[in-house]
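**Q** Both chains are sitting in their own frames, so use the hints and assemble them into the complex.
Chains as they are written, first to last, in our numbering: chain A, 2 to 129; chain B, 15 to 430.
Quick caveat, the hints were computed from the structure, so don't treat them as lab data.
Note that CB positions come from ideal geometry on N, CA and C, so glycine has one too.
You can take every hint at face value.
Computed footprint of chain A on chain B, listed as stretches where at least three residues anywhere in the stretch have a Cβ under 8 angstroms from a Cβ of chain A: (1) 363 to 377; (2) 387 to 399; (3) 417 to 429.
If you want the ones that stay clear, here's a sample from chain A, every Cβ over 10 angstroms from chain B, calculated: (4) P26; (5) I47; (6) D49; (7) A117.
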Amino acid sequence: MDDFYRDEILEHYRHPHNKGRLEQPDITYEDHNPFCGDRIGIDLLIKDNRVADVRFWGQGCAISQASASMLTDEIKGMTLDEVKTLNKDDILDLLGIPIGPVRLKCALLSLKALKAGVWGMDKWPDEE
Amino acid sequence: MNETIVIPTLDVEAIKQDFPILQRKVHGRALHYLDNAATSQKPRAVLETLDTYYREYNANVHRGVHTLSEEATARYEGARAKIARFVNARSPKEIIYTRNATEAINLVAYAWGLANLRPGVRVVSTEMEHHSNIVPWQLVTQQAGAGLSYVPFDEDGRLQLDALDRALEDGRTKLVAFTAASNVLGTINPVKEIVARIHAAGALCLVDAAQAVPHLPVDVQDWDCDFCVFSGHKMMGPTGIGVLYGRRALLEEMPPFMGGGDMIREVRLTGSKWNELPWKFEAGTPAIAEAIGLGAAVDYLTALGMERLRAHEVELVTQAWERLGEIPNLKRLGPPPPERSGLVAFAVDSIHPHDLAAILDQEGIAIRAGHHCAAPIHEKLGIAASARASFYIYNTPEEIDLLVAGIYRAKDIFAI
Chain A
2 MDDFYRDEIL
12 EHYRHPHNKG
22 RLEQPDITYE
32 DHNPFCGDRI
42 GIDLLIKDNR
52 VADVRFWGQG
62 CAISQASASM
72 LTDEIKGMTL
82 DEVKTLNKDD
92 ILDLLGIPIG
102 PVRLKCALLS
112 LKALKAGVWG
122 MDKWPDEE
Chain B
15 MNETIVIPTL
25 DVEAIKQDFP
35 ILQRKVHGRA
45 LHYLDNAATS
55 QKPRAVLETL
65 DTYYREYNAN
75 VHRGVHTLSE
85 EATARYEGAR
95 AKIARFVNAR
105 SPKEIIYTRN
115 ATEAINLVAY
125 AWGLANLRPG
135 VRVVSTEMEH
145 HSNIVPWQLV
155 TQQAGAGLSY
165 VPFDEDGRLQ
175 LDALDRALED
185 GRTKLVAFTA
195 ASNVLGTINP
205 VKEIVARIHA
215 AGALCLVDAA
225 QAVPHLPVDV
235 QDWDCDFCVF
245 SGHKMMGPTG
255 IGVLYGRRAL
265 LEEMPPFMGG
275 GDMIREVRLT
285 GSKWNELPWK
295 FEAGTPAIAE
305 AIGLGAAVDY
315 LTALGMERLR
325 AHEVELVTQA
335 WERLGEIPNL
345 KRLGPPPPER
355 SGLVAFAVDS
365 IHPHDLAAIL
375 DQEGIAIRAG
385 HHCAAPIHEK
395 LGIAASARAS
405 FYIYNTPEEI
415 DLLVAGIYRA
425 KDIFAI
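The shape of chain B in the complex, shown without the other chains (with noise of 0.2 angstroms):
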């Protein structure tokens, strides 16, 4: 038999119908699910392939010589050779599974900043953060006695590059941690070119790609960065599992993040060796069923292109922009289309974004409300909270205008 290349239309209807959550009903309205920045929905793909792990070949992995662990195992380790692929990766070594991007910065925090920070050198981060890429930097160079600062955004949400450039001149800059797309302002950083900054200094660069690896085509090794991290279920991928990229010399480097089964290569009650990569990094049994279904995931963002991907929430991004735009006293978060991710954040004069989200909720229509884990984003802009609209594949053109007639509509209500 012929082997035929299936090359998948964009067809965004049919596309729908490989998700099944969005067929149900929400106060007996059609689900309009536009939280894909919180996280995404799962196409019946990545479902199936968890529930035939418990099913067919549930087993612990690196462990048995048995049938079922060798194919968990087999899988497990596949799953992550799929991903390094997804993102350039050199080798599948240099992919360790974490439970999210949180975690992952975290294992960087603590791992190599603990061994690497001292008084007198700093950590440098940025004001267009979440939460996960302030906090843990703040604990690991307290602990050290190193120092943080925050390279800051203008008025349009974009970085001030000359700011990380003063940052970087007297050389006690050790590692930059900064997001490729901000998931409030909405803005795509240009990644290569800070790496390069940053690698001039001699510095070395942690980059938060969980609002880029699910929306963008992501290559490790063209923007160079020396770490990368990402969560499985933003891409479509179950909860409880997430990636850090590394480059392999400094993974090999660093002293392991947590102690525990797996991650050893020979323990005596007088001291341990260490797993060689990446099971040095993953103490204790894994999330195993999750890894294999963020390889589902990612079989499935290949099959569907992520530059076809990219080019329709690009489409959808720019026309929401346009119509919020055009409603009265509606601010809108960031830079204008087409340099943004698919997500606007925005404030509605005298209407508190969970006011918002509450009646477009009546109307089955899911947004974020609050401050999305990046308050001092909100401080800055000088508001307490917003709302965001976030899209994805399965979103079309006639939701977005069901969004901006729901936004009218909480005007009408609250009468302004």
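This is chain A alone, in the form it adopts within the complex (with noise of 0.2 angstroms):
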């Protein structure tokens, strides 16, 4: 169970970072997972071209919430090219647990609507 949810995803999960929305963002996009109802919005500030301030928004499992918390904190800094080359596995790297291939969506919410902001694509990133 330990490995399951290890406690870092709680802890993110229990306490997100970057919860909340920008006054003012550049850009701002929020998609949802029909097959559970979870809902993720994310908020950018760009400047000069790079990430520099995000907030998330919505609500989901704790896979999906841990995942939009540790990718934001992720993204901070990087140029918006940077952020387009993120891809499943990235997101796999930062959560550390098998995720099935249900719960691939419930993982991958919060990097699709990044991407789909940034980039304007509304395929699931494990799609491409």
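**A** Pasting the structure below:
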């Protein structure tokens, strides 16, 4: 069980980083997972083509919320080009637990919203 | 030799032995399968029936004059007769094989709906339906330019029948499609009373019995319903086989749903004539093994006795309702037992149902998490999703203890 929901994930779920809204985001995008009703939106503040600040909002399971919390930490300071190259393996590395095919959509929801916002993509990151 | 009538006693441990899958382990633990409203497990009798068909008399039905085809046809039609008796249809001609309940609803929506719906009339559904009893009606009423409205449910999860009466008042309602038992709320609707109100207003009804036929004694003549649908896989049968029961006169009037082989009497390049019931609605090679397998499932359920099966589920669901009610910050959905089907959907504060289901899975306990293909119910209740434990004949009170212990463990993990 400890392997399954390791402490770091639970910690991010209980106390998510970067949760909330930005007052004047340059990019904002919200997406949801119709399978479970999870919903995640992302606000980005862009300066010199880099992520100067980021917030996420929404609701969902521990996997979707923790991955959003970790992902938003990760992208601060990244260039938009770097954000565009993020893929499902980056998220799985951040989470560090095995994710089955059904819950992969939970894990990738924040990345999907992020990339849709930055890139205008509407596919799941594992369908590229 | 004297024939002895074997009355099976309701020995759940013995019944479990009939289901090979219940012997398997999940994450090193014994499997506790509490997701029966999604699909049931299959007894050995059904598995062996499928195997025997393919090994011994695999052939197409209604086509060949050779021995295998005759045997296959006899068993395929024999299963139809068993199903007709099981729900007390007047004749096997009123039993149409479909892929599942969803396809059966689509059959009525398209074949009956497109012939009978037009601007100025409406179909009525309810707020407690599975998506399968909402979306086909949206598609067909849109196409026909007809209206679609929904009967709401009250805070106890019961249909507001006065709203149904109002929808029936102006004579524009042509059909009411409603569930006999909700797959989320567990509500068992008073089908007979609802049907009487619908008929008094001159409308027809379609009863979604996908959660009723597997768990309750069902008598379509007693209900007096016009259409009734259910799925084989939720009642111990294979996937890919379902049933539309329809009143014979209505089925006779309806145009076919799909065209192809087996559903025609006469084909000319200038036009065709339809086969008689029930084959008019069964185009192409059907799910032969699955239909015969469903017949075996009906035999198994009949031998158990639906009254006895229901009594077992009432016992389990009453215990589950009470035990879950003792857990802090847990909200149970729907009306209290005994007037509910053998399932309980619930939401635990601060634990998403997916997380709860994932943690229980680690203990070998299988429950459903999500909106259970009934998103409008969750929207109305103001929750994104719920967890659901649903029982069947092979579940035990000990499994409810394990479920409750698992929920407490999840609360510990999430420290709430």
